[in-house]
Amino acid sequence: MQGHDPAVDEQGARRGFLSKVMALAAGGLATLAPAGAGVWVLLDPLRRKSAAASFLRVTEIEAIPDDGVPRQFPIVTDRVDAWTGFPAEPVGAVYLRREKGSDVVQALSATCPHAGCFVEMEPAEHCFRCPCHNSSFTLDGGIVAPSPSPRPMDELECRIGHGGAVEVKWQNFFTGIAEKVARP
Amino acid sequence: MSTAQRPGGGGLLGRLADFFDDRTGYRAILHEALYERVPGGARWRYVWGSTLVFAFLVQVITGLVLWASYSASAQTAWESVYYIQHEMAGGWLLRGIHHFMAQAMVVLLALHLLQVVIDGAYRAPREVNFWLGLVLMMLVLGMALTGYLLPWDQKGYWATRVATNLAGLVPLVGPALQQLVVGGPDYGHHTLTRFFALHAGFLPAGLVVMLVVHLALFRKHGLHAKQPLTRPDAMFWPDQVLKDAVAMLAVMAVVLGVILVPAVRTMLAGGTVVPGELGAELGAPADPSLPYAAARPEWYFLFLFQFLKVFEGWGASGEFLGAIVVPGLVMTVMFLMPILGHWQLGHRFNVAFTFGIVAGAALLTGLALNEDYYALWVDPASLAEAERLDAETEGDAAKLAAAVGGDPAKQAEAERQIKRLRKVRHSRAFLAAARQAKVDAARAVELAGRPERIPPAGMLELVRTDPASQGPRLFAQHCASCHAHVDPTDPAAATALAHSSAANLFGFGSAAWMRGLLDADQVGGPAYFGNTAHKEGDMVSFVTGDLADADTWSQEDIAAVVAAMAAEAGLPEPDVGREVVARGRDLVSSGERCGACHAFGDNGTDLGSAPDLNGWGGREWIVGIITDPTHARFYGDSNDRMPRFGVSDEGESPALTASEIGIVADWLRGQWYRAATH
Numbered sequence: 001m002q003g004h005d006p007a008v009d010e011q012g013a014r015r016g017f018l019s020k021v022m023a024l025a026a027g028g029l030a031t032l033a034p035a036g037a038g039v040w041v042l043l044d045p046l047r048r049k050s051a052a053a054s055f056l057r058v059t060e061i062e063a064i065p066d067d068g069v070p071r072q073f074p075i076v077t078d079r080v081d082a083w084t085g086f087p088a089e090p091v092g093a094v095y096l097r098r099e100k101g102s103d104v105v106q107a108l109s110a111t112c113p114h115a116g117c118f119v120e121m122e123p124a125e126h127c128f129r130c131p132c133h134n135s136s137f138t139l140d141g142g143i144v145a146p147s148p149s150p151r152p153m154d155e156l157e158c159r160i161g162h163g164g165a166v167e168v169k170w171q172n173f174f175t176g177i178a179e180k181v182a183r184p
Numbered sequence: 001m002s003t004a005q006r007p008g009g010g011g012l013l014g015r016l017a018d019f020f021d022d023r024t025g026y027r028a029i030l031h032e033a034l035y036e037r038v039p040g041g042a043r044w045r046y047v048w049g050s051t052l053v054f055a056f057l058v059q060v061i062t063g064l065v066l067w068a069s070y071s072a073s074a075q076t077a078w079e080s081v082y083y084i085q086h087e088m089a090g091g092w093l094l095r096g097i098h099h100f101m102a103q104a105m106v107v108l109l110a111l112h113l114l115q116v117v118i119d120g121a122y123r124a125p126r127e128v129n130f131w132l133g134l135v136l137m138m139l140v141l142g143m144a145l146t147g148y149l150l151p152w153d154q155k156g157y158w159a160t161r162v163a164t165n166l167a168g169l170v171p172l173v174g175p176a177l178q179q180l181v182v183g184g185p186d187y188g189h190h191t192l193t194r195f196f197a198l199h200a201g202f203l204p205a206g207l208v209v210m211l212v213v214h215l216a217l218f219r220k221h222g223l224h225a226k227q228p229l230t231r232p233d234a235m236f237w238p239d240q241v242l243k244d245a246v247a248m249l250a251v252m253a254v255v256l257g258v259i260l261v262p263a264v265r266t267m268l269a270g271g272t273v274v275p276g277e278l279g280a281e282l283g284a285p286a287d288p289s290l291p292y293a294a295a296r297p298e299w300y301f302l303f304l305f306q307f308l309k310v311f312e313g314w315g316a317s318g319e320f321l322g323a324i325v326v327p328g329l330v331m332t333v334m335f336l337m338p339i340l341g342h343w344q345l346g347h348r349f350n351v352a353f354t355f356g357i358v359a360g361a362a363l364l365t366g367l368a369l370n371e372d373y374y375a376l377w378v379d380p381a382s383l384a385e386a387e388r389l390d391a392e393t394e395g396d397a398a399k400l401a402a403a404v405g406g407d408p409a410k411q412a413e414a415e416r417q418i419k420r421l422r423k424v425r426h427s428r429a430f431l432a433a434a435r436q437a438k439v440d441a442a443r444a445v446e447l448a449g450r451p452e453r454i455p456p457a458g459m460l461e462l463v464r465t466d467p468a469s470q471g472p473r474l475f476a477q478h479c480a481s482c483h484a485h486v487d488p489t490d491p492a493a494a495t496a497l498a499h500s501s502a503a504n505l506f507g508f509g510s511a512a513w514m515r516g517l518l519d520a521d522q523v524g525g526p527a528y529f530g531n532t533a534h535k536e537g538d539m540v541s542f543v544t545g546d547l548a549d550a551d552t553w554s555q556e557d558i559a560a561v562v563a564a565m566a567a568e569a570g571l572p573e574p575d576v577g578r579e580v581v582a583r584g585r586d587l588v589s590s591g592e593r594c595g596a597c598h599a600f601g602d603n604g605t606d607l608g609s610a611p612d613l614n615g616w617g618g619r620e621w622i623v624g625i626i627t628d629p630t631h632a633r634f635y636g637d638s639n640d641r642m643p644r645f646g647v648s649d650e651g652e653s654p655a656l657t658a659s660e661i662g663i664v665a666d667w668l669r670g671q672w673y674r675a676a677t678h
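If you read the sequences in order, they're chains U and G. For the first sequence, the tail end lands on 184 under my numbering, and the numbers increase by one without skipping. For the second sequence, the tail end lands on 678 under my numbering, and the numbers increase by one without skipping.
Check the hints yourself; a few may be wrong.
To be verified - Each computed DSSO-like pair below joins lysine-lysine, with the alpha-carbon atoms no more than 27 Å apart:
#, chain 1, residue 1, chain 2, residue 2
1, G, K438, G, K423
2, G, K399, G, K410
3, G, K309, G, K438
4, U, K20, U, K180
5, G, K410, U, K180
6, G, K309, U, K100
Calculated from the structure, these hints are not laboratory results.
Working from the sequences, and respecting the hints, build out all of it.
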């Protein structure tokens with residue numbers, strides 16, 4: 001640098017400050033567009049909702065013996081995965097059970113409320129057990145203590161439709177929390 | 001400056017080197033990079049960082065080439081990985097190296113971290129670099145976690161469901177975070193595209209940036225030499241580089257060994273090596289509707305998996321503690337280590353803490369493995385008593401007390417044994433699921449190799465319509481509550497038959513099945529009509545009466561009828577000659593023989609009196625009877641309890657779709673694709 005004129009220095013410093021601010025602003029603005037567009041798209045899944053819970057025909061009441069023992073049935077429904085539509089696909093499973101002489105069907109989601117694995121029947125021990133972390137449930141879905149699961153199996157709304165059709169309101173719930181909260 | 005004074009010398013190459021050095025200064029850069037002083041000389045204990053860089057390089061090379069053949073979508077991920085593993089030249093090796101080097105990297109990370117903590121290498125001025133190292137570690141673990149899903153097989157799918165559900169437990173942002181990672185409310189295409197972008201883009205990019213800074217800081221601070229220095233200083237090149245290179249070679253050798261040792265074993269045993277079966281596993285394609293009881297994370301995450309079980313009975317706070325709070329606290333302590341390490345006591349704490357974590361992780365991993373494989377090291381004979389008591393008392397404490405004669409000590413012992421029995425049962429269930437997973441995986445691979453290739457809808461569709469794998473499941477769900485399906489020569493057959501209330505369908509359509517039906521000793525037994533309303537029916541009395549009369553029905557006649565019926569079914573049978581079949585057809589058709597009740601050929605017998613024998617045991621016939629056994633062609637009004645699986649009341653869908661009925665028919669007839677080598 002040649003010579004030290006305080007006026008020039010001061011002016012230079014002021015201009016320098018302005019230049020810095022403008023350089024940062026211009027650079028920042030220029031980067032904002034791709035970054036913003038990127039974040040916008042990355043956040044898109046937050047707008048997506050699962051298909052509205054609706055009653056789906058699962059089976060007929062005769063297919064569920066009235067012996068209190070749950071039977072597993074697949075949930076078959078149309079499914080959309082981003083751009084692909086799958087007509088009538090198995091998307092999950094429920095356990096249905098009926099007490100002796102009763103017409104009331106209890107429907108339990110096979111998804112473990114602990115961490116989302118697939119709960120299995122354990123006929124030898126008259127209970128449900130999750131193969132992942134050993135959460136155990138009674139045949140009507142209650143917790144067998146001590147269990148890692150924070151709540152009983154998720155009961156699904158179930159009604160008997162025309163001609164003895166068993167219809168279940170298929171829903172997913174948040175796992176790992178004590179309350180049964182449906183996923184949006 | 002004359003050329004003779006230049007370091008490159010006067011030759012052409014030398015002059016070229018000079019030319020580039022003048023313009024880039026690469027010699028100084030190289031010198032800077034290679035001639036780092038290593039206080040106290042090169043040592044083996046300094047190799048861990050370099051082996052990690054090497055492992056990462058291996059992952060970049062193999063990963064990029066895998067990327068060149070991988071297709072991230074729910075309909076193509078498994079398919080493209082199958083193609084890499086089983087059809088592309090060397091694909092098994094490339095994927096194997098990538099898979100096992102990832103595991104090696106986790107081990108090397110642990111060793112590197114241990115060494116840094118033990119040596120106190122995180123102390124000033126190296127705190128920032130230690131923190132960078134921890135961030136690098138989390139990035140590597142993130143890549144391991146995201147990579148597990150990419151093949152979109154059952155194992156990766158179910159493990160990822162658990163991992164992302166746990167992410168949903170993070171306070172406030174958890175559910176949004178989960179939805180962002182999963183790419184929507186459900187697992188599918190966008191879960192894969194996002195995991196892939198994380199695995200091959202975001203995380204490695206972050207890792208490269210951090211690694212550059214990590215290495216720059218490492219050079220800035222110099223190597224943290226382990227005191228006391230016993231030997232003179234040396235240069236990084238070539239002394240330490242040689243040791244590093246040998247360590248890298250050793251790492252690579254271990255990885256290749258893991259891939260190739262099974263091949264060597266197979267060869268030594270005289271078997272044929274199938275390259276696609278070497279290296280990384282590929283499970284059956286992900287199926288959200290099919291339970292996967294063998295779901296486990298990769299072995300180095302097993303301790304976290306097991307840790308969740310520690311909080312049994314804690315309710316929601318347990319999972320939150322196990323998945324979020326405790327791991328978060330451990331990471332916080334690790335981030336604080338450089339500050340704690342200012343004091344000698346703090347350093348000791350850091351070392352003790354790190355060893356505690358390693359020991360805890362090892363213990364949890366051992367517990368997880370012990371739970372899963374427990375049945376393998378328990379003598380089944382030692383469980384007989386517990387088995388008996390458990391069956392008798394059905395988990396009722398009062399009954400158990402009575403069963404052991406009210407002795408509290410005996411009762412406690414019995415309870416302990418029953419608990420052990422439970423453990424064995426759970427372990428057996430896991431082992432069975434793991435075996436089934438292998439069977440399903442092998443079947444999916446076999447199907448994918450069909451000459452017709454994988455349909456556009458993807459492998460899952462093929463698996464779901466495969467008689468070999470779906471037939472038994474559909475049969476178990478819809479048919480097995482009445483029908484048995486058991487080989488009559490099996491010693492356990494009698495028990496299965498006693499529990500059935502309809503015919504044993506094992507080998508239905510075969511000559512052997514028909515021979516049994518026409519056997520007076522069997523027709524009224526449990527394998528045929530014994531447990532049905534037809535026990536006293538016309539067929540049973542015919543077989544035990546007329547047919548047993550050697551004057552009317554010679555053994556040759558019966559054999560001919562068997563041959564004719566087997567020919568209707570069209571299953572592969574030993575050739576008995578056309579004349580025998582023709583004679584059999586005449587007998588079946590004849591109004592004085594089978595044709596008296598059964599319609600066959602052009603014998604004019606009305607449908608409704610007995611099942612139509614045209615095409616008996618063939619696919620169309622079986623589909624027909626499953627669809628509607630009450631049809632006049634089959635049992636009509638005399639149908640005994642068998643549901644009409646393919647028809648239903650107006651507006652309702654039938655119990656089984658046409659495709660499912662076809663699957664059951666094909667399975668019963670043993671008609672499914674088999675690869676030529678099997």
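For each hint, the structure was consulted:
Distance check on the hinted pair: K438 of chain G and K423 of chain G sit about 23 Å apart at the alpha-carbon level, within 27 Å; holds. A hinted pair counts as satisfied when its Cα atoms are at most 27 Å apart, and K399 of chain G with K410 of chain G qualifies at roughly 13 Å. Pair hint K309 of chain G plus K438 of chain G holds up; C-alpha atoms about 26 Å apart against a cutoff of 27 Å. Our distance criterion of 27 Å between C-alpha atoms is broken by K20 of chain U and K180 of chain U, whose separation comes to about 54 Å.
For the suggested pair K410 of chain G and K180 of chain U, the alpha carbons sit about 42 Å apart, so the restraint of at most 27 Å is broken. About 35 Å separates the Cα atoms of K309 of chain G and K100 of chain U, which puts this hinted pair outside 27 Å; it is violated.
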